[in-house]
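Given these sequences and hints, build the entire structure.
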Amino acid sequence: MKILFIHCRRGLYQLTKCKACGHTFECKNCDAKLVTYRQFDRTLELVCHQCQTYYKYPNQCPECKSTELYSRFGGIEELVEILQRETELTTVRLDKTEKVAIGKESDIKIKTKPSVYFSETDVTNSPLESQVQSGLAPDDQWGTTGCQTQSDGVDNKFDYLKLPRNKALIERAKELRQVGNLSEVLFWQAFNQKKIFQWDLDRQAIIGNYIVDFFIPELGLVFEIDGESHDLKGKYDEVREKYLLELGLEIVRFNDKDIKKKINSVEEMVVSAINQRVNYLKSTPSRFAIHPSRGELKNICISDRQDKGALVNGNLIDDIEKTDQIFVHTRIFDPAIPYSAFDQIIFVQAENLLASADYLVAEEMMKSLAEVLLQVNEKTKLIFDTNSVELEMFQELAKLHFENSENISVYRWYLDFLEKEKLNRGKFGFPPFKNLLLLTTQEKSSINSLDKLKIVNDYLVSLKADLPEVSWSSPYPAKFLKRRNMYSHHILIRYPRQYEYFNLLRKQITQLGDLYNLQLRLNPRHLF
Amino acid sequence: MYYYQILPARKIPQVYLTYSSEFELGIGQLVEINIRGGLTQAIIIREIREVKIEFDKSKIKPISQVYNFKFNQNTLGFLKIFSQNTFNSINLSLSPFLQPLKLITQKQWKSLSESNYESHVLADSEKSELPVQKTDFLLDISVTLRIMYIIRSAINIETPNTLLIIFPEKKYLNKILEEVISHPEFIKLKNKVEIYNYAGDVNKKSKETIWNLINTDQTDLKLKIIFATRAGLFLPFQNLKEVVLVDEANSMHIQDQNSIYFDSRDAVFLLAKAHQANLSFVSTLPSIRLYKFYPENIMNQLRI
Numbered sequence: 001m002k003i004l005f006i007h008c009r010r011g012l013y014q015l016t017k018c019k020a021c022g023h024t025f026e027c028k029n030c031d032a033k034l035v036t037y038r039q040f041d042r043t044l045e046l047v048c049h050q051c052q053t054y055y056k057y058p059n060q061c062p063e064c065k066s067t068e069l070y071s072r073f074g075g076i077e078e079l080v081e082i083l084q085r086e087t088e089l090t091t092v093r094l095d096k097t098e099k100v101a102i103g104k105e106s107d108i109k110i111k112t113k114p115s116v117y118f119s120e121t122d123v124t125n126s127p128l129e130s131q132v133q134s135g136l137a138p139d140d141q142w143g144t145t146g147c148q149t150q151s152d153g154v155d156n157k158f159d160y161l162k163l164p165r166n167k168a169l170i171e172r173a174k175e176l177r178q179v180g181n182l183s184e185v186l187f188w189q190a191f192n193q194k195k196i197f198q199w200d201l202d203r204q205a206i207i208g209n210y211i212v213d214f215f216i217p218e219l220g221l222v223f224e225i226d227g228e229s230h231d232l233k234g235k236y237d238e239v240r241e242k243y244l245l246e247l248g249l250e251i252v253r254f255n256d257k258d259i260k261k262k263i264n265s266v267e268e269m270v271v272s273a274i275n276q277r278v279n280y281l282k283s284t285p286s287r288f289a290i291h292p293s294r295g296e297l298k299n300i301c302i303s304d305r306q307d308k309g310a311l312v313n314g315n316l317i318d319d320i321e322k323t324d325q326i327f328v329h330t331r332i333f334d335p336a337i338p339y340s341a342f343d344q345i346i347f348v349q350a351e352n353l354l355a356s357a358d359y360l361v362a363e364e365m366m367k368s369l370a371e372v373l374l375q376v377n378e379k380t381k382l383i384f385d386t387n388s389v390e391l392e393m394f395q396e397l398a399k400l401h402f403e404n405s406e407n408i409s410v411y412r413w414y415l416d417f418l419e420k421e422k423l424n425r426g427k428f429g430f431p432p433f434k435n436l437l438l439l440t441t442q443e444k445s446s447i448n449s450l451d452k453l454k455i456v457n458d459y460l461v462s463l464k465a466d467l468p469e470v471s472w473s474s475p476y477p478a479k480f481l482k483r484r485n486m487y488s489h490h491i492l493i494r495y496p497r498q499y500e501y502f503n504l505l506r507k508q509i510t511q512l513g514d515l516y517n518l519q520l521r522l523n524p525r526h527l528f
Numbered sequence: 529m530y531y532y533q534i535l536p537a538r539k540i541p542q543v544y545l546t547y548s549s550e551f552e553l554g555i556g557q558l559v560e561i562n563i564r565g566g567l568t569q570a571i572i573i574r575e576i577r578e579v580k581i582e583f584d585k586s587k588i589k590p591i592s593q594v595y596n597f598k599f600n601q602n603t604l605g606f607l608k609i610f611s612q613n614t615f616n617s618i619n620l621s622l623s624p625f626l627q628p629l630k631l632i633t634q635k636q637w638k639s640l641s642e643s644n645y646e647s648h649v650l651a652d653s654e655k656s657e658l659p660v661q662k663t664d665f666l667l668d669i670s671v672t673l674r675i676m677y678i679i680r681s682a683i684n685i686e687t688p689n690t691l692l693i694i695f696p697e698k699k700y701l702n703k704i705l706e707e708v709i710s711h712p713e714f715i716k717l718k719n720k721v722e723i724y725n726y727a728g729d730v731n732k733k734s735k736e737t738i739w740n741l742i743n744t745d746q747t748d749l750k751l752k753i754i755f756a757t758r759a760g761l762f763l764p765f766q767n768l769k770e771v772v773l774v775d776e777a778n779s780m781h782i783q784d785q786n787s788i789y790f791d792s793r794d795a796v797f798l799l800a801k802a803h804q805a806n807l808s809f810v811s812t813l814p815s816i817r818l819y820k821f822y823p824e825n826i827m828n829q830l831r832i
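Protein chains in written order, with my numbering: chain Z, 1 to 528; chain V, 529 to 832.
The hints are simulated quantities; they were obtained by calculation from the structure and are not laboratory data. Every residue, glycine too, gets a C-beta built ideally from N, C-alpha and C. Keep in mind that the hints are not guaranteed to be accurate.
[Said to hold, decoys possible] Now the stretches of chain V that chain Z is said to cover, found in silico as 3 or more residues with beta-carbon under 8 Å:
1) 542–551
2) 563–577
3) 693–702
4) 788–801
See the structure below:
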């Protein structure tokens, strides 16, 4: 079996944040969030996609100095890492391959050397482990919470990121760490420094509105040390324990005196509790377990990612034993790829296909999708992995499947889309109905940028009588207001395709462009 | 001394500049001039009679270098209507036209025969040219077969003929080119055609394409087929008779990042107009513009 995964997100993670204060890492030169990439030496770096500035992966938050950072919203690189780890098969990145030989199903060949991220010897050095060491959230694989992942020795981990956390308690937790009593310090020294188990141990960790003494996040295991203070809070502890248990956590309690006098027996109990917890997590369904899916009648399957987190959840890969090659790509349709050669094509996080607000995206996406549908053979199974099955696109795809999977059905489905899109474009006066001209400023100050366009706007108002049928927006900020240290605002002008007063419009606009140093883009790719 | 109005490929407030030359030069001649201490390529737009020069003639700088190449009337016409209809400055619009010529070596420039070129006057049209002419489009799951059909039709004309096929991206271009070359019908036509490929990058194939286009032999009746990406719109064509655009909805047809901005799906209308060439769109599935223009009778579906 040959499987193609399509995931339209670049990099390892799309977002890096501080767990303590919520600070998001952004580019210094642009209003853009930094994307995490893994370098060849396996260290992490942050990259700005707008200005291509590279940053070393931070050790701590610049705001609160916390070292608890996490990255989320996985991209193609993370997909490759997970597939390598889960399947132990070579994963070929088609987005980095220049030429693919077109042939029969059995002889698909990659002419250029594929970019393989982990050699066999590297597999023992779990990428997950290095993520943990580098401060990355190990189980936040697909950007949303609720994901269970596999790692060395343990099939599943507890998803601690979904735990509620009252940020108002951060300072209180810091204080408690500093003034810890003797038994807590002894416990901390005994287990944190020994690293007898591979798990991170958090001290005075916040869970909901409570602070627990010790916590192993990846196992959801809480250690509480009951001293005199606990004896006095009977009801409070009851409510607290109930709350923690409802979150799926396991609580192990030790007596203050035992820690001080019998640390060795405490150590044995800790190891035993960890092993029990690991076994318990192992017994919960793994991500390859059968997962409820929708619309799976013939060869199009809309897989409902109900847990909103798992990557290869449910039965996305039919039979891993029979799979001999896995390919990944960032594009929906690549003309150089022979789609009929694949047994399964999986669109990961398919709801992201429509994530952009640009008016060209829907047409490009639907046309690409239709091209793929026309090229695949009857046996190819197409799986749309999504947590938004209610989206019109998926509903239409499901209908297409129910009707007929012949080409004629694909054409009809695509022409139906064109009809709707034509109405939309006509309604909003987008190309090809009317021309759009985007005026963009590039200034060192945001105020200057906006002021310039206000003047342009006033001038256009004065021309209104001479330029009938021309309409324009008021100035609005660009999607990345600051880019390469320059600030941009836009005005969008709309005029008829065959315009009687085109010469006057052109002369006035080009004069304004020269005077105010504006970029003029006719029917641009992005309007924001 | 001769005086010329020059269009430099660099954004300047005046748009045109006046330079002098000891030799008589033609309209569209490629030259190199010195602006603010730097050398810039430029083209000659018109000759200025000495009596009409109102300022101090001694301040007029001489042209630094003259290349043995002139842009023809059609290309100059395309430059002008492209600049006007896409709101790009005419100075910056000249840059992509000069880009392919940078692949020509000094030795090749010297070997060029001047007799190949004639002087023309820059066309002066200021109308909005976005799609007005009737256009054919071909829909089929096999783009290769449609292109084969166009090639066969173009071969029948017994005059020097160039066919330009614009693709949204290099990968797609290479795939179709491979399929066309290995097509049995094409193998039969092999002696009647010459295939070139230009994706805007600097390599041996691009250099060969440019050299063959400007060093063309007018008696050679072989059909020149150029497989190109959007950069191919600005090649120095001599006998462009057919333009084909592979109309995928791919946004790679849009140039949005360099100093000039355009959508090659718009620009092909201007190119075909300037060269009076036939324009066809080829696609597996209709784009939204085909879907709109077809009922309006702007585009005809060509049934084979």
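Status of each hint after checking the structure:
no., hint, result
1, 542–551, "violated (count 0)"
2, 563–577, "violated (count 0)"
3, 693–702, "holds (count 4)"
4, 788–801, "holds (count 4)"
In this structure, the earlier hints numbered 1 and 2 are contradicted, and the remaining ones agree with it.
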